[in-house]
Amino acid sequence: MNLRGIWAIYHYEMTRFFRTLLQSFISPVISTSLYFVVFGAAIGSRIQEVEGVSYGAFIVPGLVMLSVISQSISNASFAIYFPKFTGTIYEPLSAPVSFLEIVIGFVGAAATKSLFIGAVILATAALFIDMQVMHPAAMLAFLVLTCISFSLLGFILGLWAGNFEQLQLVPLLIVTPLIFLGGSFYSISMLPPLWQTITLFNPVVYLISGFRWAFFGMADVPIGLSLLAIAAFTGICLAVIWIIFRTGWRIRA
Amino acid sequence: MAMVEVEGLRKVYDGGFEALKGVDLSIEKGEILALLGPNGAGKTTLISTICGLVQPTSGAVRVGGHDVVRDYRAARSLIGLVPQEINLEPFSKVLPAVRFTRGLFGKPRNEALLEDILRRLSLWDKRDTQTRALSGGMKRRVLIAKALSHEPEVLFLDEPTAGVDVELRRDMWAIVEELRGRGTTIILTTHYIEEAEAIADRVGVINGGRILLLEDKKRLLSRLGRKELRVELDTSLATLPPALQNRGLALEDGGRVLVHTYDTAADRSGIAHLMADLRSEGIAVRDVSTRQSTLEDIFVSMVAKQEEPA
Ligand SMILES: Nc1ncnc2c1ncn2[C@@H]1O[C@H](COP(=O)(O)OP(=O)(O)O)[C@@H](O)[C@H]1O
Ligand SMILES: [Mg+2]
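For the record, the sequence lines run as chains A and B. For the first sequence, full-length UniProt numbering begins at 1 and goes up steadily by one. For the second sequence, full-length UniProt numbering begins at 1 and goes up steadily by one.
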């Protein structure tokens, strides 16, 4: 294992993050506050409670997931697309680092960044509502796993993308709807029966449900199933990346 | 010991284009090899395949005895690469960029070494400058610093002096000279024949994905020691008279020019003899000129010969 190589990639990526730290910090604070104003105050005053939890508190897990998932994807996809774009990818490709080490460096950094943003959002939310976390360890585990698995997905997207449009279009057209339809702002049980069934094909549902369980002890789908879903998703992403590096698809001529 | 061994290397790109058509090459430890070839000859493809950027279609490459595909970690640890294109992250500063490369190769931090490298490349004053703010020549220096940062035993320089200022070229040659003293193996590609003459031990000519010539520079230069005497005749000859035959003479320009090739290092040039014979045969001479063939001539004629339809 080339640990120094992994560290070099990780450290380099984090340096870029710290260069724009203020920006990384301010935007989630503002958007979270806006969500609370719009959903928590305006809509929440009409929806009193969801399954015994105040609506303001109910949306917190979904809100965190929403940001963490989209941040993971954009961080990781950009992190690997940018070296492809500038040509600097020749360095890791000709260095004594394995595909796994490259992935750990890039994805680790992207996941760290989104974890940081998740924490900022939780802290911001705590300013608006009384937070309670029933299973803190499970909450942290779900958060970390989500950061990692969606950073892996972002990494694949960045490897695949041939231009900046593709890089931005895919999250916009596919990922954002999945997140919004994943039960961020409502309970699945509030949907008509047909939609409840359709929704079960959305992987994000399992994440948000599990994450919400960690907060309030209630879930749309069994917690074991949530864990299984996220493990399977992570496994699939890793396998895809392994195949990409194996075949050199879009990275080695 | 052969430091770099290439055997029957072929590369067919995805579009079906065959950029390397079976290359065999063996480079000794400490040797400096210059690869000369026109654009599209396959120089970059060859280097990229050795360095792991391009996957070989068939054949084998070993660096330091390690197969570059199967044992890539050991092989790549030995290799420093200065790519042809200026690939740099625009927002990164010079010193962190060089430090990054060293780390990527798994080497422990060594700030003193990096300072030394940057100073020798006149980059120390620019260590905190973002690479996008550097001139083209300076950017290339950063690429060289990156390649040297992990103390490679084999250094690949892909057209390092194409379009750079005289100063950088001089600095580069000085660095190559110093690395040679330390036993580093160096492979460089170039368009410039003077460059090959100045720093290489051996010269290879590559075109159309094939190595056409691979020869010790000194021997090549002694070949260059050959000179041509061109004798322009008053009236053209259809054939050589019997007295002048079997002496390696050639008729050119429809018999108007007689070409005599001789070795400058030899005791006798044969010129006086030839002139005497011409007079006794009654052949009038209008003009005489001499011409020394250069590496460029050899190169151009080899490439031209290869491009003739078979
Ligand atoms: N990625 C690629 N896909 C298809 N053809 C390529 C690719 N890279 C290079 N080539 C072709 O291979 C040939 C050799 O290119 P290259 O190795 O860059 O030559 P050189 O470095 O000697 O100028 C050229 O004809 C070039 O067009
Ligand atoms: Mg080239």
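Source of the hints: derived by calculation from the structure; they are not laboratory data. Keep in mind it's a predicted model, so treat the numbers as computed, not measured. You may find that some hints are simply not true.
To be verified - Keeping only pairs whose Cα atoms sit at most 30 angstroms apart, straight-line, the calculated BS3-like set for lysine-lysine is:
#1 K305(B) to K227(B)
#2 K93(B) to K84(A)
#3 K139(B) to K107(B)
#4 K21(B) to K84(A)
#5 K107(B) to K93(B)
#6 K93(B) to K126(B)
#7 K84(A) to K126(B)
#8 K227(B) to K29(B)
#9 K84(A) to K139(B)
#10 K84(A) to K107(B)
#11 K29(B) to K139(B)
#12 K21(B) to K217(B)
#13 K107(B) to K126(B)
#14 K227(B) to K217(B)
#15 K305(B) to K217(B)
As the list claims (entries may be wrong) - Okay, the calculated beta carbon distance ranges per label pair:
#16 G16(B) to I174(A): 32 to 40 angstroms
#17 L173(A) to R170(B): 24 to 32 angstroms
#18 G87(A) to R180(B): 22 to 30 angstroms
#19 V133(A) to Q130(B): 38 to 46 angstroms
#20 A239(A) to Q130(B): 49 to 57 angstroms
#21 N163(A) to N110(B): 38 to 46 angstroms
Virtual Cβ for every residue (Gly too), placed ideally from N, Cα, C.
Review point. Is K227(B) close enough to K217(B), meaning Cα to Cα at most 30 angstroms?
Key: Judged against 30 angstroms, a Cα distance of about 18 angstroms means the pair holds.
Review point. If you draw a straight line from the CA of K305(B) to the CA of K217(B), is it 30 angstroms or shorter?
Key: Given pair K305(B), K217(B) holds - Cα atoms ~21 angstroms apart, limit 30 angstroms.
Practice item. Given the hint that K227(B) pairs with K29(B), test it: the Cα-Cα distance must not exceed 30 angstroms. Key: Since the Cα atoms of K227(B) and K29(B) sit roughly 34 angstroms apart, the hinted pair is violated (cutoff 30 angstroms).
Exercise for review: Measure nothing beyond the straight line between the CA atoms of K139(B) and K107(B); if it is 30 angstroms or shorter, mark the hint as holding.
Suggested key: Holds - the C-alpha atoms of K107(B) and K139(B) are around 23 angstroms apart, at most 30 angstroms.
**Study point:** Consistency of beta-carbon spacing, R170(B) to L173(A), with hint 24 to 32 angstroms
**Key:** Given range 24 to 32 angstroms: violated, Cβ gap about 54 angstroms.
Check your understanding: Within 30 angstroms, alpha carbon to alpha carbon, are K93(B) and K84(A)?
Key -> holds (19 angstroms)
**Study point:** Satisfaction of the hinted span 38 to 46 angstroms by the C-beta atoms belonging to N163(A) and N110(B)
**Key:** holds (39 angstroms)
Review point. Hey, K84(A) versus K126(B), does the alpha-carbon distance stay inside 30 angstroms?
Key: Holds - the C-alpha atoms of K126(B) and K84(A) are around 25 angstroms apart, at most 30 angstroms.
Review point. Given a hinted range of 38 to 46 angstroms, is it respected by the beta-carbon distance of V133(A) and Q130(B)?
Key: Because 43 angstroms falls inside the window, the suggested range holds.
Check your understanding: Can the restraint linking K21(B) and K84(A) be considered satisfied, given a maximum Cα separation of 30 angstroms?
Key -> Roughly 28 angstroms between the alpha carbons, so the hint for K21(B) and K84(A) holds.
Point to revise | Hinted pair K93(B) and K126(B), Cα distance within 30 angstroms | key: holds (9 angstroms)
Check your understanding: Is K305(B) within 30 angstroms of K227(B), Cα to Cα?
Key -> Holds - the C-alpha atoms of K227(B) and K305(B) are around 21 angstroms apart, at most 30 angstroms.
When held up to the earlier numbered hints, the structure conflicts with 8, 17, 20 and fits the remainder.
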